[in-house]
Amino acid sequence: MIIRPPQKTKRLSQLAIFKERCQFEAEDILEQYGKELAGYLGEKRLPYFIDVNTALLHDDLYGLRLEVAQHHFQMDGLFIFPTFLLITEVKHMNGKLVVNDANQLIQVKDAIEKVYQHPLQQANLQKAQLHLLLQELGYDPPPIHTLVIFSHDQAQVNFHHSDMLPIHQLPFRLKELNNQYTKEIFGKQERYLLANKLLSKHQERPLSFIPTMSNVRKGALCKKCKFNIMRRTYGTWTCTECGLQNKTAHISALKDFAYLFGPRITNKQFRDFLLIDSKYTASRLLRSMNLKVRGQTYQRQYDLSNFIE
0 MIIRPPQKTK RLSQLAIFKE RCQFEAEDIL EQYGKELAGY LGEKRLPYFI DVNTALLHDD
60 LYGLRLEVAQ HHFQMDGLFI FPTFLLITEV KHMNGKLVVN DANQLIQVKD AIEKVYQHPL
120 QQANLQKAQL HLLLQELGYD PPPIHTLVIF SHDQAQVNFH HSDMLPIHQL PFRLKELNNQ
180 YTKEIFGKQE RYLLANKLLS KHQERPLSFI PTMSNVRKGA LCKKCKFNIM RRTYGTWTCT
240 ECGLQNKTAH ISALKDFAYL FGPRITNKQF RDFLLIDSKY TASRLLRSMN LKVRGQTYQR
300 QYDLSNFIE
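Note that numbering that gives the first Met the number 0 has the sequence shown beginning at 0, numbered continuously upward.
Note that these hints are calculated values from the structure, not bench results. Quick caveat, the model's predicted, so the values are computed rather than measured. Take the hints with a grain of salt, since some may be wrong.
The calculated lysine to any residue pairs, modelled on SDA-like cross-linking and capped at a C-alpha distance of 20 Å, are [to be verified]:
{"id": "1", "residue 1": "LYS246", "residue 2": "LEU290"}
{"id": "2", "residue 1": "LYS7", "residue 2": "TYR39"}
{"id": "3", "residue 1": "LYS225", "residue 2": "LEU11"}
{"id": "4", "residue 1": "LYS246", "residue 2": "VAL215"}
{"id": "5", "residue 1": "LYS43", "residue 2": "ARG3"}
{"id": "6", "residue 1": "LYS95", "residue 2": "ILE105"}
{"id": "7", "residue 1": "LYS126", "residue 2": "PRO81"}
{"id": "8", "residue 1": "LYS7", "residue 2": "LEU40"}
{"id": "9", "residue 1": "LYS108", "residue 2": "GLN155"}
{"id": "10", "residue 1": "LYS196", "residue 2": "PRO4"}
{"id": "11", "residue 1": "LYS7", "residue 2": "LEU65"}
{"id": "12", "residue 1": "LYS225", "residue 2": "VAL215"}
{"id": "13", "residue 1": "LYS222", "residue 2": "PRO81"}
{"id": "14", "residue 1": "LYS7", "residue 2": "LEU206"}
{"id": "15", "residue 1": "LYS254", "residue 2": "ARG283"}
{"id": "16", "residue 1": "LYS291", "residue 2": "ASP276"}
{"id": "17", "residue 1": "LYS113", "residue 2": "GLY94"}
{"id": "18", "residue 1": "LYS217", "residue 2": "ALA25"}
{"id": "19", "residue 1": "LYS254", "residue 2": "GLN300"}
{"id": "20", "residue 1": "LYS267", "residue 2": "SER277"}
{"id": "21", "residue 1": "LYS225", "residue 2": "ILE16"}
{"id": "22", "residue 1": "LYS291", "residue 2": "ASN266"}
{"id": "23", "residue 1": "LYS187", "residue 2": "TYR39"}
{"id": "24", "residue 1": "LYS9", "residue 2": "LYS254"}
{"id": "25", "residue 1": "LYS217", "residue 2": "ASP271"}
{"id": "26", "residue 1": "LYS126", "residue 2": "ASP139"}
Could you put together the complete structure from these sequences and hints?
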């Protein structure tokens, strides 16, 4: 049973919005977005290969971020089998992949080499942290196995390691692990309780917000033209390029604002971001969304927390 499915992180949503609204080509943002997106795409592929060819019941948690000893750690996948726990570290990488003598993962793509930390070491660190957390929760820690899964179909894995494998080999490795770990530790109820206890400890990585609008494209963006701005006239938003009309374009723009600048906005900030001249129009639009309000008159702030999913 999937207790926590693969899902886009708030960080991925934030980076996607910033990439769309950034006024210049920010290589660091593109790189961060690419990494976050690759992680999500890799996680999305796991459920099928975890379930195929195995009749064993298990409870699954994807993207679980936990805290132990004042440090956070995040597992791409945690799977609670009757006889052991499995941690997966997913790498959605293509190109030629090798491990050098210094135990670093090398990716060769388009004649460019990139160096990464050994992913199995990452997974084993998560194993140690999970072991400690289980002890803190009163569990006698069960066997914990770690696997590195290369989820991209174009990954050319140029080394052999039984616990670092292309995703298509995962079902066969799971069969081997089920034969390796034979002592039942978790019944159905125990698995479910452990999964939900760990889920209750999940902490989403907090977002870092942008302090200024100076490098961000303002306005309600046309969903058809993507990069063109809509102007509000006669009670609706109209694209200056294609003429598309939308009465609620300010809502998606407010979601962008919340992800970029934080979950509170003033009337002045709303007018500045949506390119509206009239504070009365801005006030009417803000009131129409039944947002929670803090403060009075000029100090009034509207709560956008619900826009950050």
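Against the structure, the hints:
no.	hint	in the structure
1	LYS246 - LEU290	holds, 18 Å
2	LYS7 - TYR39	holds, 6 Å
3	LYS225 - LEU11	holds, 19 Å
4	LYS246 - VAL215	violated, 23 Å
5	LYS43 - ARG3	holds, 12 Å
6	LYS95 - ILE105	holds, 8 Å
7	LYS126 - PRO81	holds, 18 Å
8	LYS7 - LEU40	holds, 9 Å
9	LYS108 - GLN155	holds, 10 Å
10	LYS196 - PRO4	holds, 16 Å
11	LYS7 - LEU65	holds, 17 Å
12	LYS225 - VAL215	holds, 15 Å
13	LYS222 - PRO81	violated, 48 Å
14	LYS7 - LEU206	holds, 14 Å
15	LYS254 - ARG283	holds, 18 Å
16	LYS291 - ASP276	violated, 23 Å
17	LYS113 - GLY94	holds, 11 Å
18	LYS217 - ALA25	holds, 17 Å
19	LYS254 - GLN300	holds, 15 Å
20	LYS267 - SER277	holds, 10 Å
21	LYS225 - ILE16	holds, 12 Å
22	LYS291 - ASN266	holds, 13 Å
23	LYS187 - TYR39	violated, 28 Å
24	LYS9 - LYS254	holds, 12 Å
25	LYS217 - ASP271	holds, 8 Å
26	LYS126 - ASP139	holds, 14 Å
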